[in-house]
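Start counting the sequence shown at -2; every next residue gets the next number (the numbering used here).
Hints were generated in silico from the structure; no laboratory data involved.
These numbers were taken from a predicted model, which means no experiment stands behind them.
The beta carbon of each residue, even a glycine, is placed where N, CA and C say it ideally should be.
Mixed in with the good hints, there may be bad ones.
Quick list of simulated restraints, FRET-style, between CB atoms [what the hints assert, rightly or not]: (1) Asp76 with Ala27: 21 to 31 Å; (2) Lys86 with Gly18: 18 to 28 Å; (3) Ile75 with Asp48: 26 to 36 Å; (4) Ala108 with Gln11: 17 to 27 Å; (5) Arg105 with Ala27: 41 to 51 Å; (6) Ile75 with Asp98: 32 to 42 Å; (7) Asp78 with Pro13: 37 to 47 Å; (8) His97 with Trp14: 32 to 42 Å; (9) Gln69 with Glu16: 35 to 45 Å; (10) Gly43 with Met(-2): 10 to 20 Å; (11) Tyr53 with Glu17: 14 to 24 Å; (12) Lys111 with Ala62: 32 to 42 Å.
Here are the simulated lysine-lysine pairs, BS3-like style, with alpha carbons at most 25 Å apart [claimed, not checked]: (13) Lys86 with Lys111; (14) Lys46 with Lys28; (15) Lys86 with Lys46; (16) Lys86 with Lys28; (17) Lys81 with Lys28.
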Amino acid sequence: MWLITTTGFYSIVQKPWDEEGGTLTVRARAKADLGALRSAGLPELGEVKEDTDADYRFRAQAPCAAVSRAVQAQVDAIDYDNFKSAVAKRQGSARAHIYHDVWDALYRIQAQSKLP
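Could you put together the complete structure from these sequences and hints?
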């Protein structure tokens, strides 16, 4: 699952090694995003590991139930009426511009659905 929030961008997956332990792997492109997620409601997030050859350079594991609570905390913290503006305030304009590019790319789904 991709999760794009005012605290960061995450890819949350269940790797084979997660299944037995009841964990999920939370991946990020920026290490600071994992730290922000830890502070915003996922203190159980494990040690951040870096792999410069991986698709997502930074990753850490956390119990599935804790990740679920952290996602709920992100929802509960919504206090804005425009996501990209909130990102600009909290993460800066550079990140907001990147998220706008994502918005624009995903807009193509909507544009395609208008076709006959």
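Hints versus structure:
1. Taking 21 to 31 Å as the suggested C-beta distance range, the pair aspartate 76 and alanine 27 conforms, at roughly 23 Å.
2. For lysine 86 and glycine 18, the hinted distance range of 18 to 28 Å is not satisfied, since their beta carbons lie about 37 Å from each other.
3. The beta-carbon spacing between isoleucine 75 and aspartate 48, approximately 32 Å, falls within the hinted interval of 26 to 36 Å.
4. In this structure the hint that alanine 108 and glutamine 11 lie 17 to 27 Å apart at CB is violated, the actual value being about 32 Å.
5. Distance hint for arginine 105 and alanine 27: a CB-CB separation of about 25 Å, inconsistent with the stated range 41 to 51 Å.
6. Between isoleucine 75 and aspartate 98 the beta carbon distance is about 22 Å. The supplied range of 32 to 42 Å is therefore violated.
7. Restraint check, aspartate 78 to proline 13: a C-beta distance of roughly 41 Å satisfies the suggested window 37 to 47 Å.
8. Range check, histidine 97 to tryptophan 14: about 35 Å between beta-carbon atoms, so the 32 to 42 Å window is met.
9. Taking the beta carbon of each, glutamine 69 and glutamate 16 are about 23 Å apart, not inside 35 to 45 Å as hinted.
10. The supplied range of 10 to 20 Å is met by glycine 43 and methionine -2, whose beta-carbon atoms lie about 18 Å from each other.
11. For tyrosine 53 and glutamate 17, the Cβ-Cβ distance of about 22 Å falls inside the hinted range of 14 to 24 Å, so the restraint holds.
12. Between lysine 111 and alanine 62 the C-beta distance comes to about 40 Å, which sits within the given range of 32 to 42 Å.
13. Pair hint lysine 86 plus lysine 111 does not hold up; C-alpha atoms about 33 Å apart against a cutoff of 25 Å.
14. With a C-alpha separation of about 9 Å, the suggested pair lysine 46 and lysine 28 falls inside the 25 Å cut-off, and the hint holds.
15. With a C-alpha separation of about 28 Å, the suggested pair lysine 86 and lysine 46 falls outside the 25 Å cut-off, and the hint is violated.
16. Note on lysine 86 and lysine 28: the hinted pairing holds, with a Cα-Cα distance of about 20 Å set against a maximum of 25 Å.
17. The suggested pairing of lysine 81 with lysine 28 holds, with an alpha-carbon distance near 21 Å, which does not exceed 25 Å.
Of the numbered hints given earlier, the model fails hints 2, 4, 5, 6, 9, 13 and 15; all others are met.
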